[in-house]
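K.L.:
In order, the protein sequence lines correspond to chains A and B.
Our numbering numbers the first residue of the first sequence as 1 and each following residue consecutively.
Our numbering numbers the first residue of the second sequence as 1 and each following residue consecutively.
No lab work stands behind these hints, which were simulated from the structure alone.
Please read these numbers as outputs of a predicted model, since none were measured by experiment.
Ideal Cβ positions, reconstructed from N, Cα and C, are used throughout, including at glycine.
Be careful, since some hints might not be right.
[As the list claims (entries may be wrong)] Taking CB as the label site, the calculated pair distances span: (1) V48(B) / G195(A): 48 to 56 Å; (2) A194(B) / R80(A): 36 to 44 Å; (3) R141(A) / A134(B): 23 to 31 Å; (4) V48(B) / T136(A): 47 to 55 Å; (5) R80(A) / E190(B): 35 to 43 Å; (6) G194(A) / A194(B): 46 to 54 Å.
[Unchecked claim] With a straight-line cut-off of 27 Å between C-alpha atoms, the simulated DSSO-like cross-links for lysine-lysine are: (7) K270(A) / K233(A); (8) K251(B) / K107(B); (9) K107(B) / K144(A); (10) K108(B) / K144(A); (11) K272(B) / K108(B).
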Amino acid sequence: MTQIGAVPASSGPAILVEGLTKSFGDVHALRGIDLSVPRGTVLGVLGPNGAGKTTAVRILTTLLQPDGGQALVEGRDVVREAAAVRRLIGLSGQSAAIQEELTGRENLEIIGRLYHLAWPDARRRATELLEQFDLTEAADRAAKNYSGGMQRRLDLAASLVGRPRVLFLDEPTTGLDPRSRLGMWDIIRSLVAGGTTLLLTTQYLDEADELADEIVVIDHGLVIAAGTSEELKGRVGGDVLEFTVPDRSRLSDAVAAIASIGEGEPHADKETGVVSVGVGGRGSEALVEAVRRLDAAGAETRGLALRRPSLDDVFLALTGHAAEEDEQPNGRRRGRRKGGKKDPAQVSS
Amino acid sequence: MTAVTAPAALPPLEDPGLFTRGRWAVSDTLTITRRNLLVWMRVPAYIVFTVIQPVMFTLMFRYVFGGAIQVPGVPGGYVNFLIPGIIAQTAAFATFGTAIALAQELKKGVIDRLKSMPMSRSAVLAGRLVADTARMTVTILIVLGVGYAVGFRFQNGAAPAVLMVVLAIVFGVAICLIAAFTGLAIGDEESVQAFGLIWLFPLTFLSSAFVPISSMPGWLQAFANNQPVTYVVDTMRALALGGPIQASLLKSLAWIVGIFIVFAPLAVRAYKRAG
């Protein structure tokens, strides 16, 4: 084992990033981020569109040169030892990077050949992965006839052909329907159970909550918070009071009515009519107070309840805006990411 | 679902050495070539563009416009004048496929994926060029076959005939480099297609490919007489039918070499920056 690279398997984190910066003209995509991901764990990189998540992944996967700072994958420098890093990693990006005219099997076999597997090995590996990703039946159909979820599974399978030690998944479920999304989560969990180190970016807070051991929150190119999901939720402090105002025209009245009972400003979503406010440890007291005041204001509400804070609340507390509200330029040219915004899973949790 | 065990079959991380890297460069290029040709055969639209369109052009110019075009002094008449021109145009138009395919791969993230893999860095472009050259050669031979069916005959012997086809292919590869550069630099399928039309259409039609330049107005002759497609077509015609060749051959080669020198590095640079 010691011959595989200069770094013994037990020393150091799988990913180590220090002071990483990158600008595209005037857009400062990364303004000095630090990350450390222990082997065999999952880091969730959470942030809105344009926060710098994809830029970080592109630097770590040797696709982009940083302006400053250092990034090591399994102890290898992503700039100076890019070729070695490429043999250690797998990447699955935001869109399915597969050749749609080819069959699932052909896609994987070709990737295997490009990892310099002999033909029989490339075939065997393809068959293995097709089975693992539940694509055996569709294996010999052109990938363009696959559903969105199947295409993403094939894409993920392709990133695993080289048996990577460190896997980068850039928004693996963006644009998927909720069912495919849950399927993807199962697959990702099984990969992690196998010992792969995973860095996962997402705009979906529930996704990070479900999958990640540690979460870093990135906004405007900076890490603004880091910790486990529980630690981050602790930042909100206590319970969250939430209700829905069916009549949107009464939304501001309802917000005004409960403005003084929370610990911070209430947050109101104009589209869904959902109002939430952190109430700290005064849960039931605040609940009674809220009922009284809303009643006095004559605002009809639904589903008034206390709940544990979600990562949405954390994000709101940290950044002052909800995860999906940001519209920053992204510093890259690909434009395929609007699809996920209306995902129902984002509204829930 | 079984869990994936990570490190077992990992290749060693040391530099594999010059010999192995050279071997990989070749095998990776062949893998990409094979993949591109498979894709080409699966997409009906590509077949239409690369086979049916040039065949229709041939038939249209032979039977619709040809009768009205006077080509005094050409042995065998207009059909013999036309086929070298059509073949040059076919070679140039075949490069649309190069630009569009690269733009698509860029947009879909295929190029990102390939660049994040330990494969040869040059293979994506090299494989694209090899596959597109093969595709172009097939197209040229088909057009030549159709040409023969509608009355075209080489007048100058077998070796010059082969050279004519070779020149068309080399010229096409040069245009391929320009197309690869534009595809990667623009990175959007539709824009790439529109841009290709903007420069390839005038370049091929405002040349000696379809009509004698002497039939054009004077201001147009100035352009048509001094542009690479005319040089290449005149050379191909001289190879196919006989006649003076030296001046147009030298100018053709100068242009082709020039395009290689300028656009090969540009295409490589665009590939490195792509994404």
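K.L.:
Now, for every hint given, state plainly whether the structure supports it.
P.N.:
The hints, checked one at a time:
1. V48(B) / G195(A): 48 to 56 Å: holds (49 Å)
2. A194(B) / R80(A): 36 to 44 Å: For A194(B) and R80(A) the Cβ distance comes to about 41 Å; the hint holds.
3. R141(A) / A134(B): 23 to 31 Å: holds (26 Å)
4. V48(B) / T136(A): 47 to 55 Å: Between V48(B) and T136(A), where Cβ atoms are some 34 Å apart, the hint is violated.
5. R80(A) / E190(B): 35 to 43 Å: Because 39 Å falls inside the window, the suggested range holds.
6. G194(A) / A194(B): 46 to 54 Å: holds (47 Å)
7. K270(A) / K233(A): Measuring from Cα to Cα gives roughly 24 Å; hence the hint holds.
8. K251(B) / K107(B): violated (37 Å)
9. K107(B) / K144(A): The given pair, whose Cα atoms are some 16 Å apart, holds under the 27 Å limit.
10. K108(B) / K144(A): holds (13 Å)
11. K272(B) / K108(B): With Cα atoms ~16 Å apart, K272(B) and K108(B) stay inside 27 Å; holds.
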